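Hey, can you piece these two chains together into the complex? The hints should help.
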Amino acid sequence: MNAEIAIEKPIKRRVPYRAMKWTAIIMAVIIFLLGGLLYYLWQQNLYLYATLQNNYQRSLYSMVGNIENLAYLTETATVSADGRNGSKILARISESASSVGDNLSVLPIEYNTMTGAMKYFNQLGDYADSLISVIGRGETLTKEQYTTLSGFSKQLTKIHDQLLVAAESNLPFSSTSSPKSSADQNYQAVIADVADTEATEQGSESAATATPTDLNAVLTQINDTLAPLAKLTYQGAYSDHMSALEAKGLASLKEVTKGEAQKIATQFASLMDKDGKYTVTSATLLSEKSAIPVYRFLFTAKGSEEAKSGVVTAMAMLTGTQEAASSDSGNIYVDVSKMGGKVIAAFSNREVNAEVLSTDQAVAKAKEFLNSAGFKGMEVVGQQKSEGELALELARNDGKVYYYPDSVLMNISLGNGQVLDFQAQDYWMNTGERNLKDPTVTKEVAQSGLQSGYNASGNTLAIISDGAGGELYCHEFTCSNSAESDDKKQYMVYINTDSGMEEQIMERISDENGFLRK
Amino acid sequence: MKKFLNFNKIIMFGLLIGIITVGSMIVIDQNQTVNVLVLKQGNEGQAVKDVQTKLKQWGYYSGSVDGIYGSQTKNAVIKFQKKNGLTADGIVGKETFEALGLNKYVTSSGTTSTSSGDELLLAKAIFAEAEGEVYVGKVAVGAVLLNRVADSEFPNTLSGVIYQSYALESVSNGRFNSSANNADCVKAAKAAISGWDPAYGCLYFWNPATATSTWIWSREIVVKYGNHVFGR
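Chains A and B supply the protein sequences, listed in that same order. Counting in the working numbering, the first sequence runs without a single skipped number right up to 508 at its last residue. Counting in the working numbering, the second sequence runs without a single skipped number right up to 233 at its last residue.
To be clear, the hints were calculated from the coordinates, so they are not data collected in a lab. Values in this document were obtained by computation on a predicted structure and should not be read as measured data. Take the hints with a grain of salt, since some may be wrong.
Said to hold, decoys possible - Okay, the calculated beta carbon distance ranges per label pair:
1. A:K221 - B:A100: 58 to 64 Å
2. A:K133 - B:G118: 56 to 62 Å
3. B:T215 - A:K221: 22 to 28 Å
4. B:E170 - A:E461: 38 to 44 Å
5. A:L36 - B:G118: 31 to 37 Å
For each residue, glycine too, the CB sits at the ideal point set by N, CA and C.
Extracted from the complex, chain B is given alone in its bound form (with noise of 0.2 Å):
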């Protein structure tokens, strides 16, 4: 009997604790804001892949380069962290980038302190929609949100466009005030401001794997990057 009451009291305190600690994350998370890439267990995406490649090719990492920051990668992580002098959590910040060569997915202050509002603005566009696409990629989906500019039928500024009701899902998920500006961004930022357009005057782009809207479906697709065409 005894026994059952302290284990009914462990799983109220523990009942009682979870709830807290939910409670918390859910108020603080209304108030946080990332402002530089860290990967931890459970993200996705080409910096993922970028790490795991690393780690592979130096022997801490014998998984598949899948992208997909599983167990298997965090424990390479915290191998390759030790090894290092750094602080051994599993987590990717900014010194175990900088640890493991890949200075792109650290935000420069070099590179920030030379760039105008308008490239900071428009690089945060490109990693928030096409951090994983390749380079001609993401110079096209810069381009694609000049174009929009100057197209009569957008905002007539960058931050217009940008912030534009419903027009990018980044910005209505939330996940583009998450976005660092890492340095391949920040010059295809630069890029698609001196005038280069891989994308061809495009206005739109989609990814063709997730987009349902039967208008924008409806655009004609004029080239293709990666898992992106682009449209007008």
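Okay, chain A solo, but in the shape it has when bound (with noise of 0.2 Å):
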């Protein structure tokens, strides 16, 4: 049989025409919409960058206005022999000195890059203000402040100058935050000269011609040139010797070692919780460099997982691992100041239980506790509601002043009265021996000087704080306002009992789950 071999033809297949033409169409579609997504996505880049560098120069160009500004007002402040004006002027330098540091938040450089610069204007901002209060007192400002000013003056001018350079060159800002070495040698020579007050005239010609190579480099040049400047001590909140306060309370006391720390933290944890058991399961000394070092001891329920496991889940807690956070509740840490085995603070995660108690029974209970723990004459003068806590604030009081500054904060569980939490920072920083002279000002005298349209409905003597590490002795009046008001408020005004000047007003703020003063 012959077979026959067969050979199969190559079949020509061929896609209709139909089918070709829709797949075409349908590929130009997806193109045309592809490409018009991209198109719009590039559009909208384009515009999002674009406005952002708008705001980014925006926040530059008002910041050279400002620093233009400051280095006028600085050099009129010191002409200005006339109080009420020249009050006027450091008001201006307070407002322009806060705008730059709003500038300097919202530009694109790193914030740890910055804080030279911004403590420079927040010092000069606040020196001023510090300069309002001497008038405000009557006193005539001194040669030192005003050659302060002076200072203050060529330092902004020159700082001025520079910037003014870079804006005008038209740099961009770093799409990346912009290490110091990245600044154009030449342009750190002539920013270094600022900080100079005898500068070159050479120097002032290499400022036109220097080419940096961005504005991040430039403005952080400028930082580096004024934070050996921003070095000023007076009588105010940002001023140098408010980061070296020392502890008032502890200041005489003597060193507890660890173990001694540890009885005393023992003893406030039982305090705080009468009906638990608990085992020490942590014992740390935290940074020796704070105002308090303070050994933290962590308290664990006994018979509970954390505590047979010891040490290791504390540590756990501590570190910050999962199983540590899930099994925080119940808990209680305790700090005890190495100096003197003060408590400073105590924090735990206790569960709330139903609401029985009313808040005078709570703050019955939050006294009893305080003078168990030390703490004598302590009264409420503030005090919230919340979800089953009360949150108190109390102050010293020998009954016949108010001591502000000698406050401790307190939550106290409306369910069984146990302390929550608690912390002691502003009462050891500040409290302490005061030879506090009688008043020189009278009771009626100071409540003659209040506003008259408002009822001053209670009276006593408080010291309070300055606000830059000093106390202010003064006569504490309860202001409200007339009672046809729909609006009515109350205000505490302090008078001082030396001078018989107002010192301070705030707001007593009062509703249904209790009052503050802000």
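This is the structure we're talking about:
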């Protein structure tokens, strides 16, 4: 049988024209839509980039304007001999310095590379505020204070000139944070010259010809120039002395060992929860460099899984593992000062039972606790009820005077009256012997100076903080607006017992949950 | 051949719809701002863990409480929603949170009405930076931001501190804008504003597991709460 070998001819498959047409149409539509989408996104991106750059440039020019204004104002402040006008100029310095801080904070520069410049302008504004207080007390500015203002003026003029050169160069902001080394060497030399009040003519010429690489580098260098200049000590919240305050209440006390501190912490934890049985599962010395170095003790309920696994679990909690976060419930941290062995703070995350106590009962429990813990004569100066807890602020009162700086904070459970949290940092930072003189200004004289549209309903003597590490001895008046007013408000007005001047006004805010001074 | 062409068409149409959908999502996402906490498949964190715990307690969920919103969690949520007459979409929103008894993840109008602008802003920052932390850790984060306001090297307003360039990761990556003000964070914000400072004056906080900046590691660590360390 002859086998016939059939040779299959290759079949030429042809895609029908109609199918090809549809495929082509679909492809074209997809490409068209994709292209349109990409174009839209590209346009959006350009728009957003331009908006961002515009905002940065706006902040930069606003900052240049504010600095120019500050250079002028600090100079004119040295000329003014009229306290009334001098105060107005100083108030404008304060506002402009604050605006420079705002401008700086939104520019795309790493925040930690702008700390020197930020401090310089914060101190300038705060210094101006402190001088307003000086003038307000009827005093005239000293020669030293005028010299400081004059120094500011010279420094600001040079900073302004450098910024103007950079702004006119149309330099962009770098998309990444600029390292200090990225600044142009010539420009660095010129910027460094800004601090030198005896700048040479040659230096100024260099400024005009310098070519920095981007604005980030310019600002970083200006920051480096301003940082050593921001070392001002004066009567204000941003003064250099504020970072070196010591705990007055612990200054004369002896250091305690970790073992002694643990006994104190254990006693305190048992006061917080009389029925609970706790085990110390960790003891750590927190920062030695703090104003108040403390030993931290972690107490876990006896018999709990945490207590059984001991230190390992406790350390896990402190170092932040997930298990620790979920097992925090029921535990108590107690912090005891290394100097003097005083309880500085205690925090817990215990369950709050159903609310059964009134706020008065909870306050009584809080005072009883404070008495047992060694805090005598504490009076409530603020309280807020929230979710089964009562948050309290208590200040020391010796029967005649409220010592507001000697204050503690507490959270009390309205379920069982136990103390959930406690903090006495302010108390130990401020408390101590105070030699109070009899008030020069009597209550009657002080009251006669109050705003006539308000009724003074209460009076006591009070020590308040001056916000700059010092204290003021004042008459405290509770003033309220007229009874006819729909918007009934109360204010605490503080009149200096020595000068009779109004030192501070705080609003006393009350609602169904409590009251506080703000 | 015809089959091939049909298949080809289906693929093309599929691609077309996919591109349009993705494109729309990109365009819409640029303008979207979420104001309430919503959990869905793919989310992770403490809120998911709390939902899983509740569902497990009530027998809807048998998986592990790992804080990851996977398909098993989604199915359990759907079961729970069906049982409680809610829209069974597997997404945990306001109504589902309330039905689960997790009101702390629901924006409370009562709370916000009595809060000041700074309290709300601080609560948002605490939520964005420390949502999954223990309460004392949340207060510590709030205290750090307030310590910055009081420090001369930082802006002198809370908004200035929070929005300072590159200062908070959640602000830089946009997560901050979708933060909810849950009750726990508002309470922590109020506590920090009242003066509570478990961070002992610290100016920085970071997560040791994720922080790569050598500068931040040069700070002195003072205290640790949950996943964050606090330093100055």
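Now for the hints, and whether the structure bears them out:
1. A:K221 - B:A100: 58 to 64 Å: holds, 59 Å
2. A:K133 - B:G118: 56 to 62 Å: Since the Cβ atoms of K133 of chain A and G118 of chain B sit about 43 Å apart, the hinted range of 56 to 62 Å is violated.
3. B:T215 - A:K221: 22 to 28 Å: Taking Cβ atoms as reference, T215 of chain B and K221 of chain A lie about 27 Å apart, which means the hint holds.
4. B:E170 - A:E461: 38 to 44 Å: Hint holds: Cβ distance 40 Å, inside 38 to 44 Å.
5. A:L36 - B:G118: 31 to 37 Å: At 34 Å between Cβs, range holds.
Hint check: a violation occurs at hint 2 only; the rest are consistent with the structure.
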